[in-house]
Amino acid sequence: MDQYFYHAHEIIKERCDGSLKCIRFCPTQALRFRKEITFLSDLCIDCGECIANCPQHVFKPIISTVDDLKSFKYLIAIPSPILYAQFGLNIHPTIVNQALKQIGFNEIADISKTSDELGFALLHHLKTHPDIRPLISSFCPSIVRLIQVKYPNLVGLIEPIDVPREIVAKRTKQIYSEKLKINPKEIGVFYLTPCPAIFVSIKQPAEKKSSWIDGAIPIRDIYSLIFPIIQQLLDEKDKEYQDTFHFGKGWGVLNYISRSVGLENCLTVTGVQNAKMVFDDIVSSKLRDIDFIEALACKQGCVGGAFCMENPYISRHNSIFLQKKYGDINPFDKEKVITNYNEGYYFLEHPVLPRPTRSFNPDISISIRKMKQKMRISSKLPQKDCGLCGAPTCDEFAEDCVRGEAEPTDCAFFSDEFKKGRY
Amino acid sequence: MAEEFRLNLNIKKIKEVLKADVVQGKKLLSTKINGVYASDLVSDVLAYSKSGSVLLTGLCTKQVVISAYLSLFKAIIFIRGKKPNKEILEFAEEKNMIILLTENDMFEACVKIANADSNSISNFVKLIESVEKKNTIIRKFHIDGQDFSNSGLLSTQIKSILQNIGYDPYLIKRVSISAYEGEMNVVMHAKEANLILNANEKEIQIIIDDRGKGISDIELAMQKGYSTATEDQRVLGFGSGMGLPNIKKNSDELKISSEVGAGTKVEMKFYVIQE
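Going line by line, the protein sequences match chains U and H.
Read in the numbering used here, the first sequence has 299 at position 299, and its numbers run on one by one without any break.
So the mapping is simple: the numbering used here equals the position in the second sequence, first residue as 1, plus 423.
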């Protein structure tokens, strides 16, 4: 494994008390506890389960801070629509945008209209490519990485159309560099993100050389900055909202893609474990009649991201309500979208490729010998998946033993402590 | 220091040629062994050894005994007069392992065991060849007919085994589609079946042997769209008549034999092309 994988978290070892909770939650079995907690970089998909589930906060997200904004002349924020759902129902998204401007952003870009446009482009793509089914949404970076790591034979099904945040960033950079006559490099485009995975997709995109976005700021950091300003703005009651803000249907709640384009034969699945279940069915060709799968790594979709303040059920409710209240059918030029599509404007720069799989050895015959050994060891282990050895399951432990990364005596059931009744 | 060969010996013979003391498992001396593995490196024992062997080692720790147990060794011979402690003996007793002690060093012990078998040199060559041939993962699974709730579980398991070994992703996809179709055929039409997976560096083979009503006209069953699925099964989304044709499309070799009223045997092969 020579390839380097960027990850958006660091481990603060002093905080770890060895409770092993993270190991059980990791959906790709990337975590190990061997005297201290470590993770296997090639297996980690940045889903954020360890960050969310560790009671000691051992996993610290590495992400842009407000200080990173200072190096740019002109600042544009692309808020994830989830941001607006963090506040009460009486707070108009325009107020949130005004507050963002007060903390230093020059411009706020809307993502929902581009989502509508991309939804239409997707529909067009599905119509013109009837053979590749089901397509899987490229929206969630963790899901894309899950496919790269655990389902290498499904990479061809990842939707080749780029995600709204990237297209918006590309577009706004062009527009404002022309308008203000400054170098695009001096424009800082920041995504206000509900999850750490987006930050990884900016630092090390799976589908292009470099991202159009310059950084990502967690919603929870922004929340604490703008909340007092919002309170202030609400007090100035006589101030009228500029009614310039409309949401498209492409508003980041569950099922938004199918709703925005009216795609009926579409599955929505949230949570990495659930997504794995669906992907297993695709591998065995069980899902023959589905056109599109919208898979999101966080439960309940992006509202369940690790950086959200509000509980996902409430913000989902807020989100639906806000969209009903302020949502608008925004007409876009369908002809132009198709022209753009044909010119390749929306496409990913290159197809997503599988990550090198974690086989025992590039030589199949050596690999088979090791696999047999793994099965043999596994058959003698207690199969209780207790995790005390530091691996999530007995099966993974057997594999670690064969790789030489663990000692069989690490198994609690063969240790002297177990015999003496200490466990 | 790791070499493996296969011999037609039992523990008793080894005890005689090495003039070894049996300190554990005196009743088990007639146990036949598959081979001898000589190593002081525990990780090598775990990574390369074969089941049913004897471990020859100068490392006298409990860890070695546990590793040997996990690797399905039948006996351990401690060389150069090393003495195991009580803990090791207790563990061996509990797990029915035999422990021998000899004064010989590693090389002497290996040579003496090799010479103990009358045709050892020619046997050695033959056995090495057969070991090469037998470098195959064999897994047996059981499928219950009408068990719709667990359908697809087996093909997922097979997929993860093959992925772990590191076969080409597109080969794995073909195998898992075929395994799934085969599995579903059993679930829909048969009472029960055994699925055997054989995987080596040249080919992957899946054999599904079921007990059920059998197929009267195999040629007809191979046609696209032909299905004998019941109305209930069609409601569940099965029985599109694509099962066998799909296996044929994805496999490199397909052999179906069937006896009406007894059962059907489906054998499929997939070639492994290594760069």
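Simulated from the structure, these hints should not be mistaken for lab results.
Just so you know, these numbers come straight off a predicted model, no measurement behind them.
Glycine included, C-beta positions come from ideal geometry on N, C-alpha and C.
Honestly, I wouldn't trust all of these hints.
In silico contact screen, one side only, chain H against chain U (beta carbon under 10 Å); selected entries [unchecked claim]:
#1 L469
#2 S474
#3 L482
#4 C483
#5 N573
#6 G575
#7 E624
#8 Q628
#9 I630
#10 I641
#11 L643
#12 M645
Some chain H residues judged to face chain U by a derived CB distance under 10 Å, without partners named [stated by the list, open to error]:
#13 S453
#14 K455
#15 E526
#16 N527
#17 F530
#18 G589
#19 S599
#20 A622
Verification of the hints:
no., hint, result
1, L469, "holds, 5 Å"
2, S474, "holds, 6 Å"
3, L482, "violated, 13 Å"
4, C483, "violated, 15 Å"
5, N573, "violated, 13 Å"
6, G575, "holds, 5 Å"
7, E624, "holds, 4 Å"
8, Q628, "violated, 13 Å"
9, I630, "violated, 18 Å"
10, I641, "violated, 22 Å"
11, L643, "violated, 23 Å"
12, M645, "violated, 18 Å"
13, S453, "violated, 23 Å"
14, K455, "violated, 18 Å"
15, E526, "violated, 28 Å"
16, N527, "violated, 27 Å"
17, F530, "violated, 25 Å"
18, G589, "holds, 2 Å"
19, S599, "holds, 5 Å"
20, A622, "holds, 7 Å"
Comparing the model with each numbered hint stated earlier shows that hints 3, 4, 5, 8, 9, 10, 11, 12, 13, 14, 15, 16, 17 do not hold.
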